[in-house]
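Engineer: Once you've looked at the hints, dock chain B against the given chain U.
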Amino acid sequence: MTYQPSEIADLILLIALGPVIVVALRRISLDVPWAGFVAFGAMLWSYVFTIAEGFVLPDLFNLFEHLGYAVAGLAFAIMLAQFASAMRAMGERPR
Amino acid sequence: MNNGVVLADAISTFGFIVAVGIALFARFESPLVTKSVRLVFAAAMGLYVFVGVSNLLEHSGIAAVFDTYEDFAEILFIPAIAYVVSTMLQNQQLDTQAKTARLMRQQNDLLLNIVDTVPGGILVVGPTGTVTFANDGAEQLLGMTSDSGGSVRIEPSWTLVDTQTGTTTSLAQIASGGALARKPLTARWPDGTQTELVFSSTPMSAQGGELGGSVVAFEAAGHRA
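Protein sequence lines correspond, in order, to chains U and B.
Residue numbering for the first sequence follows my numbering, starting at 1 and increasing by one per position.
Residue numbering for the second sequence follows my numbering, starting at 1 and increasing by one per position.
Accuracy of the hints is not assured; some may be wrong.
Cross-link-like lysine to any residue pairs, in silico, SDA-like; alpha carbons within 20 angstroms at most [said to hold, decoys possible]:
#, chain 1, residue 1, chain 2, residue 2
1, B, 183, B, 196
2, B, 99, B, 83
3, B, 35, U, 88
4, B, 99, U, 90
5, B, 35, U, 25
Here are a few chain B residues that face chain U, going by a calculated C-beta distance under 8 angstroms [to be verified]:
#, residue
6, 11
7, 16
8, 19
9, 95
So these bits of chain B aren't anywhere near chain U, every CB distance computed over 12 angstroms [as the list claims (entries may be wrong)]:
#, residue
10, 82
11, 105
12, 182
13, 188
Worth flagging that the hints you see were computed from the coordinates, not collected in a lab.
From a predicted model like this one, the values you see are computed outputs, not experimental measurements.
In this text, a Cβ means the ideal position worked out from N, Cα and C, and glycines have one as well.
Looking at chain U on its own, in the form it has when it is part of the complex (with noise of 0.2 angstroms):
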């Protein structure tokens, strides 16, 4: 059984601060891409499984943690592109 501190931490962060993060994006009145969630979602799966590796099935969580990051790695850049493109289409928009 071996986990670091750290990756409790980076959990909890994520669980603690998720819900401030959701109420604000829900708050700007833009839309959250889809590909948002998906960023998240990979991040909160990659936080698991690297504590979750610790306990069982290392190699295979492990893999699974790292697919995580692959996941959220292009889902974030996808959702900055769809951000940049939502504002953009909001700042030509007629008034």
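Structural biologist: Chain B in isolation, oriented as in the chain U frame:
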């Protein structure tokens, strides 16, 4: 299985590098995305570029020297994202306030233009009888001038007389007397000339429901020397 991890790390590193680039260089054209928002978001993405590179080196068997620092990078990620989102929310609130203030200034300017275009006189009289605003019509009819500081000069001084009863009255009495509709009053000037006027007034309610002065309007009913 290790090859899968290396491949995932490579994809992750690529994705976060692209995210850093978009955060720094994309055109957002929104007051929500300030330079600090861009920089902190790019830094947050950069943390996982570092983690990805460190993992790539470690799982490829090249070096594990950065492994110790990964934890510090990872723990900063979520607070940085929370900072970015809360800053965007604050920026939106500031932008809304600025737009509201601009709209109020425009409405105020429009109202002032309308008030100054009206040929009759319009005054704002406080509960103590102090005139706090006079439009251009008031200046022409009763020689009142209003400055941007909110004070009004009355020059030369005249007296107001009830045209029907002949009793002397004042702006303070008109302002504190409740609503008034087309009351004929005569302004007597020091040089003996008289201006026949018709006055109307509407009380303004201040905070707490107490009388907050009146808006007094008047127009010339006739002029005789």
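Engineer: Please name the hints from earlier in the document that this structure breaks, with their numbers sorted from lowest to highest.
Structural biologist: 2, 9, 10
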